[in-house]
Structures are given as structure tokens and as C-alpha cells.
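Asks: Listed below are the residues making up each chain.
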Amino acid sequence: MSATTSDTADERFLRLPSPLRRLLSRPELGSVVGAIAVFCCFALVADSFLRASSLGTVLYASSVIGIMAVPVALLMIGGEFDLSAGVLVTSSALVSSMFSYQATANVWVGVGVSLLVTLAVGAFNGIMLARTRLPSFIVTLGTFLMLTGMNLGFTKLISGTVSTKTVADMEGFTSARALFASTVTVGGMHIKVTVLWWLALVAVGSWILLRTRAGNWIFAVGGNEQAARAVGVPVTRTKTALYMGVALGAWICGQHLLFSYDVVQSGEGVGNELIYIIAAVIGGCLITGGHGSAAGSAVGALIFGMTSKGIVFAEWNPDWFKFFLGAMLLLATLLNTWVRRRAEASK
Amino acid sequence: MTPSDTRTPLVELSGVGKHYGNVRALEGVSLEVHAGEITCVLGDNGAGKSTLIKIIAGLHRHDGGTLALDGEETRLSSPREALDRGIATVHQDLAVVPLMPVWRNFFLGSEPRRGTGPFKRMDIDLMRRTTRAELLRMGIDLRDVDQPIGTLSGGERQCVAIARAVYFGAKVLVLDEPTAALGVKQSGVVLRYVTAARDQGLGVVFITHNPHHAYLVGDRFVLLKRGTMAGNHTRDDITLDELTNQMAGGTELDALRHELRRTP
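Here the protein sequences line up with chains A and B, keeping their order.
Note that the first sequence covers residues 300 to 646 in our numbering.
Note that the second sequence covers residues 174 to 437 in our numbering.
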């Protein structure tokens, strides 16, 4: 009797049903479990956490990370890092603000110029990486430091202080604000427009990764660059496009910063690059490349948003936020590794 | 099928050489690849096999001698160009992206697409179906083409790469030590697919350091030694023993035998 039971159990273990195995091998699985746990935790300890207004705040906090986490995740799947992503957001806002203020009276011109400049920085990262064959850690660390210096240097040179002049009284401000920093109210919940940008980016990112040829190339250059090159995948073009994707995210975030506060502090953004990377990793991106998803990065960003705001709603000391995050990162990475091994081992 | 020298070879190298700076990696190597034949390139580590492959695959340009495809002298500038000219190379360890599903690997670099404009997308149904059908045609029954290719055995991975090359209309298949890391049984499986590709009319370049595997399937044998050509034979004018002996370095082997012999 006992022998029979163990036999059938063995059989079932060997021939793991395909849908379950597919679910286990989803890159987002770990992060979804984590997000539910974090949500339940704060829903229990903080009464105000479940209010519509609180959820709106949580979504907003998640969205400003999530907008960057999507392209950063794609880049990471493509096997590279971008340490300049955090300060690039500030650079993008500064260029937009200062160009509008100095050169014209219409903010839209600055917004356009900022897009070109920001994309050029992304392209610079990608081309430098391809030309020098240095690790992206070094290349983008260089860009990160140069941008940090330029942000402060140029702002002081042009404005005389560390922050820019307000653009609130300029032509086109209202329409730009509507696009980048407005709020819509849905059923008592105030939803910032960044949440919509975020959702759109997740949708586009998922479409690219799962349905297009470019997505196939992204997985391939991150998973095995030599193999990709040998079958004719344009590796340099793919990676440069990924860096420009990060730049596009930085542009959206930067314009949001500018049009929600009217002024930009030139020292901001330092350290955020790690937050984007952590969100992507919690969302199931493999740090060595070749595996991950856009939706996962969104869940990673959501965990960030819930934790940072949840700690406030629970009236805990916000100093614990970083500790919580570190623990979350370790757990998520361990879980991802474990899940992936299970999925790959079951033949 | 007997080699007939009157036909124009698919690939013909004559006196090809390659230098890396001051280092001579390859010099005076000639070989022919005909449709429906297997040309074996044998050599020890460092004999110049990899350099030779890289020239045929378009990864490196030769700097001496000539390379002719279908009788037309040419110089390949990229792996893409080699592929477009019908030369598919299956590299020993960089053939696939392990974490990607089998069907994504199968079409990597040549993805079929449908739709227009921003909605242009991969034809995933076609890709899945074709992968399954093509592998089945080579005798591999894969239940799930969604599994990461890294979960397949080494022999199966080589076979997927070969099936891919055949499907994409390769005329010449270059195999870089396909049996080097495999056990006896797996090697047999791979050799069977190599001959299957030959029977479909492809010209095959089979690089190996194993004369036994080479002699099982080869029609022509090119021996490399320290970057130069040490021999060029058709199957008729060489036996397995001679091949093994030449491959192992004849006189060097005698010297080694002498050296290792117990002194009485």
C-alpha cells in the first residue's frame, strides 16, 4: 500500500504538470508573492493603509519608480546596468527647464530639446559600451559622475544657485503640466498621471519583450552575447536601443519632476539608480541578464511604493525603510534563483 | 557517393593564411566542400581549426590565399554575410542561449514576422509549429518547445542547431567539434544528424580532433598541424589507421612511446 502511494507520488513529481511548471518558471512569481505579503502586512498594522487616498499615494510613489524600472529591467535582461539612470532624470528636467527659461518663452521647446539631449546621453552610454568593451558598470559609473558634476556645475553657472528658476509662468506650462503632472480622480481615488505613464510603459515593455523580434534579441544578447552575434543579431544596436529606452524613461520622469514642482534641485537623483535596479531584481530580473519581465519590474516598484508609504501610515520610524528593502532584495533574489533552478531542473 | 572533382565546390580555400599581429595562426591551407559530402578538418589543440572556422564563418578575414564560394572569389566581412551566402556555422559552446525557450532559439536572428507598423510582431504560432515539425523531421520528439534550451542534453542542443541551419536553407554547414564534449551514445546521435544533413544535399565541414568520428562519416580529410596543412586526402586514399597515425603525429607518437616505455 505504502509502496503504491510513493510510486504514484514519484511519477507525479517526475511529470510535473506543464501549466504548474510554467507558472513556477514565470519571472514575476516571487515578486507577486512578496507584494501580497507586504500588502497584507501593512493592511493589518496600518488602519489608514486601505483608504482610497492612501492607495493613491502608494500608486504615485510606485509609479515614479516604475516608469524607470521598466526600461532598466529591459536593459538588465539585455545583460547591462545603467548607473547613470538616477541623475539622468535630474539632467533631463534641468535641460528642459533651463533651455525653456534661457532660450524661449515656451516650455514645449525645452521639453523637446530635453528629449533629444537625454536620448543622446543614452546613445552615448550604448556606443561607449560597444566601442570600449568595458563593463557597463564602469562606463555608466563614469556617465553618472559626469552628469552629477554637470547638473550642479551648469545650474550654478546659469542660474547662480543650485536650483532652477520657476517655469510656472511660461507659455505652454498648463498643457505640459496636464501631460506630465496632472491628477485624475477615479471613485474618490486621486490618481497621478504618472500612474498612467507607468501602466503604458509596462504594456509597451511587455509587448516588446514577448511579442517582437527586438524582444527576442534582448533576451539573446543578455543570455549569451556570443551566440546572439554568431546568428546575426545586431548586438550593438540592441544594447544602444536599450540605453536609449532608459533615457526615454528618464525624460518622462524628469518632465514630471519639473512640471510638478516648477523648479528643479540640481543635486537630486543620486542613489535612485540603485532603487530602479532593485525594483527590477525584486521583479525577477536575473542580475546576469537573459531572464526577467516588464510586469515583474512593475510589481517590484509596487513593493517599493507600498513599503515606503506603508511605513509612514503605520507610524513606524522611516529609518527602517532601507533595512526592510535590503532584506526584501535578498529574499527576492534567493527566491528567484530557487524558482528558476526548480523550473530548469524538471525535464 | 564518390567525390567528383569536376564539379565546382561550394566552398574552396586555396593557400589561405591568417596572421594575428606577428603570430601566424594559419598558412597555406586548402580545402574543398562539395554538396552532399562531408569534409573533415582534423587537428590537435592549437592547430588552427578555430581560425579556419572563423574565416569560413565570416568572423575573421583571411589575409593570404583565396576563398571561393561557388567558384567566385570572395572575402566574407561578417557572420551575417556568411549566413546570407548559405554558410551556417554551429559553434561548439556558443550555439544557443540556454535560458531561452527552444522555439525562440530556433529562429533567433531570423524571426518570421506578421502585421505592419508598430504592430509588427513575431509569428509565434508559426515559430512554435515549425520548430516542433523540423525537430521531428530530424528525429527529435520534443513535447514542449517552450522549455529553456538549456534543459536539453548537449547532443540535443547540437541537433537543434543543425536542424535550424538546415531549415534556413544553408548550403554549407560548418560544425565546430560537435562531438567533443559528448559521450559515446550522444556522439552517435549527433553523427547521425550530420549524415542526415549531408543526405539532404548540404556540404558539411566537420571539425574534430577525433579521427574515429571523422572516418565514420567523412569523404575528405584535411589535417592541420601548428597552423599549416599536414595532409589533404579523399576517403579512397587513406585508411583509418593512417589517419589516426597522422593525426596523433606519427613520429612524435613513436618518440612518446619510447619515452614512456618502462626501462628494464
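Be careful, since some hints might not be right.
[As the list claims (entries may be wrong)] Ranges of calculated distance between the beta carbons of each label pair, as one might list FRET restraints:
| hint | chain 1 | residue 1 | chain 2 | residue 2 | range |
| --- | --- | --- | --- | --- | --- |
| 1 | B | 194 | A | 478 | 52 to 58 Å |
| 2 | B | 341 | A | 419 | 48 to 54 Å |
| 3 | A | 448 | B | 201 | 54 to 60 Å |
| 4 | B | 310 | A | 419 | 46 to 52 Å |
| 5 | B | 283 | A | 343 | 49 to 55 Å |
Because the hints were derived from the structure by calculation, they are not lab data.
Yeah, the Cβ is synthetic: ideal placement off N, Cα and C, and Gly gets one too.
Asks: Now, for every hint given, state plainly whether the structure supports it.
Replies: Hints, one by one, checked against the model:
no.	hint	in the structure
1	B:194 x A:478: 52 to 58 Å	holds, 56 Å
2	B:341 x A:419: 48 to 54 Å	violated, 37 Å
3	A:448 x B:201: 54 to 60 Å	holds, 56 Å
4	B:310 x A:419: 46 to 52 Å	holds, 49 Å
5	B:283 x A:343: 49 to 55 Å	holds, 53 Å
When each numbered hint is compared with the structure, a violation occurs for hint 2 only.
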